[in-house]
Amino acid sequence: KNEVEQSPQNLTAQEGEFITINCSYSVGISALHWLQQHPGGGIVSLFMLSSGKKKHGRLIATINIQEKHSSLHITASHPRDSAVYICAVGVFAGEYGNKLVFGAGTILRVKS
Amino acid sequence: EAQVTQNPRYLITVTGKKLTVTCSQNMNHEYMSWYRQDPGLGLRQIYYSMNVEVTDKGDVPEGYKVSRKEKRNFPLILESPSPNQTSLYFCASAPRSSYNSPLHFGNGTRLTVT
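For the record, the sequence lines run as chains W and R.
94 is the number of the first residue of the first sequence in my numbering; add one for each residue after it.
244 is the number of the first residue of the second sequence in my numbering; add one for each residue after it.
Don't take every hint at face value.
Derived pair list, reagent style EDC-like, types lysine to aspartate or glutamate, alpha-carbon separation capped at 20 angstroms [to be verified]:
1. K308(R) - E244(R)
2. K260(R) - E273(R)
3. K260(R) - E305(R)
4. K261(R) - E273(R)
5. K147(W) - E160(W)
6. K192(W) - E98(W)
7. K204(W) - E110(W)
8. K192(W) - E296(R)
9. K204(W) - D174(W)
10. K192(W) - E244(R)
11. K161(W) - E98(W)
12. K314(R) - D299(R)
13. K192(W) - E322(R)
14. K314(R) - E273(R)
15. K192(W) - E273(R)
16. K300(R) - E96(W)
17. K192(W) - D299(R)
18. K314(R) - E296(R)
19. K146(W) - E108(W)
20. K312(R) - E273(R)
21. K148(W) - E273(R)
Keep in mind the hints are simulated off the structure, nothing from the lab.
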């Protein structure tokens, strides 16, 4: 079983729809990151969470530490939101600190 | 402009020919790391550095070397590249020696080893 599981793997939405991407993890973490990767490859950090909820524009990220689960929500989705969304968790790795473990990613396509 | 700069963006080389992919950040970040991304396998960590002269292996370190002689630079060295190292590579940095801080990624280096 992977340490970080994302769902769904693929998601197609109509412009304007509310979108939810889920991330579950099975290990103790220091923080959870949501990343966005557009076609062409560049990776952008959207959120870093260790508790609660964060909002940036139309994006909302939540984390439930007890349930080991995080969600990324996109309100009023737009074709420019089409990208791969990747969940990553910081895992304690001994005296030198943390390593990062990634989910497989969710491919989102928003149609106009 | 605050950024992580990787060079080159694209590199085609032959098996066994030593190469270095450079990574530099101008944000005075303590933490730097290298990842490779492969279809079906996603992103995997190669090496990371908590600060100058402090480096440690990630999940897939075989065939790679790194050094952190200065805070801003974290080069990835392939002493004898092989075709299974064909991949998309990313460098990233973070302010503190922990993953409790946002990550900043370079634009990636697409490496092909023939």
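Hint check against the structure, violated hint numbers in rising order: Going through the list in order, the structure violates hints 1, 2, 4, 10, 13, 19 and 21 and respects the others.
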